[in-house]
Amino acid sequence: MAASSSSSAAAAAAPEPTAVVFAVNGERVELRDGDVDPGATLLEFLRTRTRFTGPKLGCGEGTRHQFLLLLPLLGGCGACVVLLSTYDAATGAVTHAAASSCLTLVHGLHHRAVTTTEGLKSRGGGLHAVHERLAGFHASQCGFCTPGVCMSLAAALAGAEKDGTRPGPRDGFSRLTAAEAERAVAGNLCRCTGYRPIADACKSFAADVDLEDLGLNSFWRKGEASVSKLPRYNEGSIGAFPEFLKAEIRASLGIDRSTPAALVRNGSNWYRPRSVEEYYKLVGSELFSQSKIKVVVGNTASGVYREAELYDSYIDLKGIPELNSVKKDAKGIKIGAAVSISRAIEILREGDSCKDVVFSKIADHMEKVASGFVRNTASVGGNLIMAQRDQFASDIATILLAAGSSICIQIVVINKDYLPVGIPAKKVGAELQASGEAVFVDDIPSPKDCLYGAFIYSTKPLAHVKGIELDPSLKQLKNTTVVTVNDIREGGDNVGASTVFGLEPLFGDPLTQCAGEPLGVVIAETQRLANVAAKRAVISYSTENLDTPILSIEDAVRRCSYFETPPFLLPQKIGDFSKGMAEADQKIFSAEVQFLQRFADQHLLQVKLNSQYFFYMETQTALAIPDEDNCMVVYSSSQCPETAQTVIAKCLGLPCHNVRVITRRVGGGFGGKAVRSLPVATACALAAFKLHRPVRMYLDRKTDMIMTGGRHPMKICYSVGFKSDGKITALHVDLFINAGMTKDVSPAIPHNFIEMLKKYNWGAFSYDAKVCKTNIATRSAMRGPGEVQGSYVAEAIIEHVASALSTDANLIRRRNLHTVESLALFHSECAEDNAQMTGVDLSAREYYVPGPSGTYLNYGAAASEVEIDLLTGTTTVLRSDLIYDCGQSLNPAVDLGQVEGAFVQGIGYFMNEEYVTNPDGLLVSDGTWTYKIPTLDTIPKQFNIELLNSGFHKKRVLSSKASGEPPLVLAASVHCAIREAIRAARKEIHFSGSGSSPSHFDLEVPAIMPVVKELCGLDNVERYLEGLMSSK
1 MAASSSSSAA AAAAPEPTAV VFAVNGERVE LRDGDVDPGA TLLEFLRTRT
51 RFTGPKLGCG EGTRHQFLLL LPLLGGCGAC VVLLSTYDAA TGAVTHAAAS
101 SCLTLVHGLH HRAVTTTEGL KSRGGGLHAV HERLAGFHAS QCGFCTPGVC
151 MSLAAALAGA EKDGTRPGPR DGFSRLTAAE AERAVAGNLC RCTGYRPIAD
201 ACKSFAADVD LEDLGLNSFW RKGEASVSKL PRYNEGSIGA FPEFLKAEIR
251 ASLGIDRSTP AALVRNGSNW YRPRSVEEYY KLVGSELFSQ SKIKVVVGNT
301 ASGVYREAEL YDSYIDLKGI PELNSVKKDA KGIKIGAAVS ISRAIEILRE
351 GDSCKDVVFS KIADHMEKVA SGFVRNTASV GGNLIMAQRD QFASDIATIL
401 LAAGSSICIQ IVVINKDYLP VGIPAKKVGA ELQASGEAVF VDDIPSPKDC
451 LYGAFIYSTK PLAHVKGIEL DPSLKQLKNT TVVTVNDIRE GGDNVGASTV
501 FGLEPLFGDP LTQCAGEPLG VVIAETQRLA NVAAKRAVIS YSTENLDTPI
551 LSIEDAVRRC SYFETPPFLL PQKIGDFSKG MAEADQKIFS AEVQFLQRFA
601 DQHLLQVKLN SQYFFYMETQ TALAIPDEDN CMVVYSSSQC PETAQTVIAK
651 CLGLPCHNVR VITRRVGGGF GGKAVRSLPV ATACALAAFK LHRPVRMYLD
701 RKTDMIMTGG RHPMKICYSV GFKSDGKITA LHVDLFINAG MTKDVSPAIP
751 HNFIEMLKKY NWGAFSYDAK VCKTNIATRS AMRGPGEVQG SYVAEAIIEH
801 VASALSTDAN LIRRRNLHTV ESLALFHSEC AEDNAQMTGV DLSAREYYVP
851 GPSGTYLNYG AAASEVEIDL LTGTTTVLRS DLIYDCGQSL NPAVDLGQVE
901 GAFVQGIGYF MNEEYVTNPD GLLVSDGTWT YKIPTLDTIP KQFNIELLNS
951 GFHKKRVLSS KASGEPPLVL AASVHCAIRE AIRAARKEIH FSGSGSSPSH
1001 FDLEVPAIMP VVKELCGLDN VERYLEGLMS SK
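Here the numbering used here is used: position 463 in the sequence shown is 463, and no number is missing along the way.
Bear in mind the hints are in silico, worked out from the structure with no lab data behind them. Please read all numbers here as calculations on a predicted model, not as lab measurements. Glycine residues also receive a C-beta, built at the ideal position from the N, C-alpha and C atoms. Careful, some of the hints might be misleading.
[What the hints assert, rightly or not] Beta-carbon label-pair distances, calculated as ranges:
1) Val276 x Leu511: 50 to 60 Å
2) Glu628 x Arg559: 45 to 55 Å
3) Thr86 x Thr543: 53 to 63 Å
4) Arg879 x Leu948: 13 to 23 Å
5) Gln606 x Arg51: 15 to 25 Å
Working from the sequences, and respecting the hints, build out all of it.
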């Protein structure tokens, strides 16, 4: 809101408003005072005020950062990337840069041109080569990230075209190298593809690429690669700067020169001073004495520190020459604070004298800060100020300090039926996704009088909720209301989700049972206002007469807090465990079972596995529209729309036929858009039903991460007996699963875990499984639920036995593979194999009743090679080789993409994705800045996958097998490889750490850098150097 004052002095100080003029995909846009909120981002503007909804909101954080130790750490996702073009009237040059539209403020785009993925299309509407190649290389699965990938690549192509030092490209190729093409999309996150097809599509533009090395695509068959078969790429087809805007820029220069002292005000409360003096005059005026001011250049800091503030005024520093100057002399380089990081890197690389060597090293390091689309807009000064004020872990500050740099700071005080089966067909709709025309829920235009919602969630794990109030200081929130359990009408129920195991409440009332449980929904005129109001809501709690919360498996065991698991879901036990243990030469006993200390070879071990967040690119979202006669239409990004219909109807007290749920596509799910999507759709419907107006909700990433939980944390204790040759004779497992506050599908997880554990022949096998009820956010089925953990524990047991016998783990694996006889025992559902062994005639005599098409065994194997840096703990996956049985593949392109994506997601679980909570169980690794999924930088450097077609089987649908979830378990090979590398390092340096032997140690999941570094024994650099000196 504009600040107001009655004084003439203030009026005199206020600059005259001017229009903000820019172009979007060649179309002129003019914003005048009050048209758009000054805090609105380009992404908000594009998605709410234009038809160009290609850019997506995946995180709202935009940034990418790499620490000094070179471990890739990303904040931001790249789903919103656009191309920003700038025209220099003096030289006639046009420069192009990729940018995060979720951070770029729309008022800062004066006289610039914006190109979205829709703008790459030709005037006749034909697709660009970027679109067609990404689609043809099967690089788009859910498609939510694809528009951003398109624009990152397009920006690199446009930039290479402008580089006059590069040789002209071969016909059909660009001036990019293969390495540059890969780096162009290194900051774009993708949870589905595993990045390989994206990289191949990008490299297809590079003149130095060998096309035969590129992966599966729809352009040629193997051995027939040719650039002529690719969609043609023509230079000059990207980012043409509009002539009308060039003319306006040239004309404005003359006006500006005639009024040098005037302050330029762009739109509503947006100011662009043109000198330091004007800046001082502006902020010193009475107009700003009672205002909340935000000073911006690229606005990228808001991606790191999410704001809960609303500002009255914004001051854009990009127009101040003094802050954009660069001076280079014999003493060094002076770089203005508003200079972008990308521009600073270019300046540091210029020059060829010996003294410039240090500058090139600084530039090398700065290129590891953020993604290119962030460095293009982020300023050097802004990065350093965050380090000063917010203890931001700035690599720029670190390297400049090491180089002996100094900073000058001015402080200013202010206020056919089967025809396509088996063919690697291109995904239907891939081009729509690439061009931004595919409509996701949040792309649906807002209906008239639409309101927006944001959840208020509990920050306490167990407490009575006494009241919820909005922060009275938020004066802007005039038409705002809070929807709670009290707004559920008579006949309706407080229900937000439903599974076969029961119902789940929509709101915690009157008792909240976990930090992150929804307590209400703020409804406001914009999503931004709703988010701010929800974050600043004041909740009154009371813990009187309540027990302490149960926040861990250990707490649940002590207090016997369990959910019941239906017996029919528990697999059978195999053989006699006691007899198997008696036959063993050696034994490892569980730490949770008290045995007599008479076994000299006793070892104690337990395995703990943490959670993993789904990290779909599109967060939970829904749009509810009231219809006539007490009906409701709900658009939901859900994997279970039929359940959503039932739950919404039950909450509203309506018959099911009065509720229509529509799901066109989902921007990633991995299980998180199943049960966990239901409360969002239900809350929207409840608010819309009460207010008789459409209501939509799009959770910000932090709220989504806190509320939706993730993979089940587990604690596993085991006792195992084995022969001296490594043959295991008996295994008992005690399994404890942290379900969270409600059941969801948790009672089914023990079945999945045990079935996956049975992939080896354990001889006799028994188990005890407990599903723990705790005061943490409900856990749900995430890709490979239970199977991932079961597979990993099986490998951990094998590794432990190998360590106890001081032998190769692969030898133990081979000794305990299934035979036909053991397979019949462990997997009795293999009825045909069992019938064949017992001589039962399988020929049909009278009739045939088909069995379940979803019951079969998946086969797969993986081998991974890693390299670890002993001093830093950095792990590099050098190579992964996978063979996966997908039956008769319906579409090899889809199956290959699923295998790649699942495996890389598993790498995240075992290597990167650290799930951290505070003492109340509230997630603190709640954004891309603190929660790291794999990126293009972290996937295997050599990634080989073979799809094994295992033959025809009438029991399965067209003889196919699933490929979406099972491959994820193979990522345990990476964790096993890390363990082997650490073991080799400990032997080499004669590790003597306390509490573990060089050959056996506990390697946590995920195996993050500090853990690897400590286990290598070189976590103390001084001790390492002392060891080096003493060995000389």
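Okay, the hints, checked on the actual structure:
1. Val276 x Leu511: 50 to 60 Å: 57 Å Cβ-Cβ, so the 50 to 60 Å window holds.
2. Glu628 x Arg559: 45 to 55 Å: Since the Cβ atoms of Glu628 and Arg559 sit about 51 Å apart, the hinted range of 45 to 55 Å holds.
3. Thr86 x Thr543: 53 to 63 Å: Once the Cβ atoms are compared, 57 Å apart, the range 53 to 63 Å for Thr543 and Thr86 holds.
4. Arg879 x Leu948: 13 to 23 Å: 19 Å, holds
5. Gln606 x Arg51: 15 to 25 Å: 57 Å, violated
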